[in-house]
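K.L.:
Take these sequences, add in the hints, and give me the full structure.
There are 2 protein chains.
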Amino acid sequence: MRNFKLTIEYNGANFSGWQKQDGKRTVQGQIEEALKTVTGEDVTLNGSGRTDKGVHALGQVASVILESPITVEGLKRALNNILPEDVFVKKVEVADDNFHARFSAKRKTYQYVVQVGGDRSAVKNTTLTYFPYAVDLKKMEDAAALLIGKHNFKGFCSSGTTVKDFEREIFALSIKKRGRIFTFEVTGNGFLYNMVRIIVGTLLDVGREKLSLQDVKDALELGKRECAGQTMAACGLYLKKVEYLSEPN
Amino acid sequence: MRNFKLTIEYNGANFSGWQKQDGKRTVQGQIEEALKTVTGEDVTLNGSGRTDKGVHALGQVASVILESPITVEGLKRALNNILPEDVFVKKVEVADDNFHARFSAKRKTYQYVVQVGGDRSAVKNTTLTYFPYAVDLKKMEDAAALLIGKHNFKGFCSSGTTVKDFEREIFALSIKKRGRIFTFEVTGNGFLYNMVRIIVGTLLDVGREKLSLQDVKDALELGKRECAGQTMAACGLYLKKVEYLSEPN
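Chains A and P, in that order, give the protein sequences.
In terms of my numbering, the first sequence opens at residue 1 and continues consecutively.
In terms of my numbering, the second sequence opens at residue 1001 and continues consecutively.
Derived from the structure by calculation, the hints contain no laboratory data.
Because the structure is a prediction, the values reported are computed rather than measured.
Heads up, the beta-carbon is just placed ideally off N, CA and C, and yes, glycines get one too.
Where chain P lies over chain A, by a calculated footprint (3+ residues, C-beta under 8 Å):
{"hint": "1", "region": "1-12"}
{"hint": "2", "region": "76-90"}
{"hint": "3", "region": "116-124"}
P.N.:
Okay, here's the thing in structure tokens:
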């Protein structure tokens, strides 16, 4: 019996998110089915966290306990032969017995990709988000600096969450511009529901001068959702990387 | 009554191709429906040619005759407000009365995007094709050179076509490599059914040394489909540009 760690890429456009749900096409559901075909075992695959409908992953991590004597390379090949084209297992490793993709996670990095202005891209409609207004990069960077560190992020969280503790730490938050494409990258010890999408919406609203730096401070200090910006669409969001203790990077 | 020329981008992943078919989601069908909503007119939109299910366009051209007094900018804006996110009208122009997107076309340019080797990209599964074998760029360029010019392309055409004349002229055929991504670009006066996808499959098969330059010559001179390479998948193919007489570019 071994504990496996899987690193997974997927395009979220045609999935009802990560988490298994009856009658829905989900990433967890597809991989559990493929694991059953390969090993004959009915297992639960534990993801580092859910991703919503439409959200992509470049490096989602999941753990699963298997009885099968299959090699890591054999498991990777067999899964990818079965899995549909919008999901791919990039890496299979044998982990410590006490490794759990969710509970052992220390840092997560998300990317958010936005096209600012110009003609909406029909070809990339499921892999980036379109923002029709001109934005000021410097203003967005100033607002981003306010969010780095340990804060109460209640103002950057959608309602409907059962979470009680809203304190999270953001280690890094950068914005790269390449022509009309802006890529936001944020690394933290954990994220509240819709937190990345609200952070990016807030920074863009500061960039177009719909919100001020003071509004961002208010959202942080007063914990009021209405002080922060809009929740951006799922299609621009990528779970890039999940890091665990004693991993260099 | 004016004759309009539309330049259109779309992601083919969720369309049953360009051409209108009962009960199917098609690009022509979606745009004709949007035209009806905007102008109240039941019209036929004539594309420069069909694209198959899964094939994308960066610059498909279509023409349509409308009674409505709407401005070109007004028509562009109104259509894009209605159209779904995987289709976008990039340009609306008033054309000469005798302009017809199909019959007036002089040159078409297609792009084909392939990832060669490495891990299959799940995120880009509908916007490029994966080719698992290593290829030699120089060999592919030598084979490409054989195809440029006026030839009988019967060997590069899928069966099931009703075409009688297989002569076509290829003006340019280039291959750009950027890391693992190879972009094939081909310009010609017209293309037979699946011709671009078979040309790219043939070049890749030469690149991996499954076919020789002599096989390519045989496919051209003997007109035998079995001498040419495989038909590549639809998802890597983009109709990039359609050119008409007296257009500089």
